[in-house]
Every structure is written in structure tokens, then in C-alpha cells.
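Now for the letters of each chain:
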Amino acid sequence: NAGVTQTPKFQVLKTGQSMTLQCAQDMNHEYMSWYRQDPGMGLRLIHYSVGAGITDQGEVPNGYNVSRSTTEDFPLRLLSAAPSQTSVYFCASSYARLARHHYEQYFGPGTRLTVT
Amino acid sequence: AQSVTQPDIHITVSEGASLELRCNYSYGATPYLFWYVQSPGQGLQLLLKYFSGDTLVQGIKGFEAEFKRSQSSFNLRKPSVHWSDAAEYFCAVGAVDMRFGAGTRLTVKP
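If you're matching them up, the sequences are chains A and B in order. One rule links them: number in this note's numbering = place in the first sequence (from 1) + 516. One rule links them: number in this note's numbering = place in the second sequence (from 1) + 172.
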């Protein structure tokens, strides 16, 4: 059981390039989310999904796209990278089938992205 | 909209001293509340959570937190801090669309 996996671990992009951050979970969780972490700002929610085919915007969605075609995968796309997107990105999954584990987020190890 | 405020950016305590980290939230209904810890260069680990019932919740590593609805607070406490507790602590509120506070960095003096 690998939990939540993210690739790549590190990435350097030039301004204007595009890329996809991959996230996968093998726990059959319904919910998945993407966060970015910046110094002094905690984690901010970018996009989230409550199931395959259903996504919604979080606090800071601009510049990012997501889709969820399967329960397991939730990729995050940067269409035209900007220096302001330099950050550490965390993917998380959760579920609500057992009350005592309601919405408890399981985090991936993160992707450190630098945009020059 | 839901939000979380952690008023203390940085706290320093001596090893063996007690600790309280503050968290205030804004949420429209009965909140799901969480505390996470992040050691340098690491991911996030869940310390404890509250969603109903007893307002004093126990977590891992000797931490506890108390939910006070009247004060919209969910403060984290530990009676005796160990050097290994030095880390950044995040309070969070919500469900799928979880919101995190900005974090409190804890330094432990020997």
C-alpha cells in the first residue's frame, strides 16, 4: 500500500513552460486535493475533487487546471508557468466512510517546483 | 467562508516546559478541526482531530487539543515539550475543501 505518491519530487521550469504534476493514491479514497505551501502562508488549497469526473476550485486556482478521470489519479497542470508558482505542492486524499476518519487528509511527499 | 488564524508565527519554549499553540477558526457549521505537524523538509503528519463528542481530544506524541465553540478556538497543548517536538504546526478546518492556518514554528531550547 503506497498511500499517496507524487512525481516528480523536484522540477525546474522556465517561465511559460507547461507541465503536469502527477498524484496517485491506492487507498480507494473518494476525495483528493492539491495544495501549495509557501513560507509564512501555510497550505493553500488549489483544487479539489469529490470523485471521478467532479472537481472544484479552492482558494488559489488561477494558473492551474485539474481533471479526475479515475478514482486513483488527480494530476495538476500548469499551462504557462510563472515565477509566482514557485512553491512546494502537496497532493492529499481523504474519505468519509468511517466517521472517526472523516476527511482526515493523507498527504503525499510533495513536489518542489521552481520557475525561473 | 471558512478560515483559520494562528496568531503566533514563532514560539520558543524550553525543553520540559508546557506548550500551548493557539488556533481560531471561522466556519458556518460544526467544524471538522485538525492539527498537523511538519518537521523540516518533511511532509505533514496528523496529530489529532475533532469532529464531534468530547471537546478535549487526545492525539499522538502526548498532544491534546480543546474545542471551545464559544471562542471559536481549537488550541493545541502539551504538558512537557521534548526537543524532538521542534517543527511547524498547522491548524486546519473543513472537510474536502480544507483550510489551513499559516502555521506556528516551534523552537525548543535545551
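Worth flagging that the hints you see were computed from the coordinates, not collected in a lab. No experiment lies behind these values; they were computed from the predicted model shown. Treat the hints with care, since some could be wrong.
Unchecked claim - Pulled a few chain A residues facing chain B out of the computed Cβ check, cut under 10 Å:
# : residue
1 : Asn544
2 : Glu546
3 : Glu575
4 : Tyr580
C-beta: ideal position from N, C-alpha, C; glycine also.
Hint check, failures only: 1, 4
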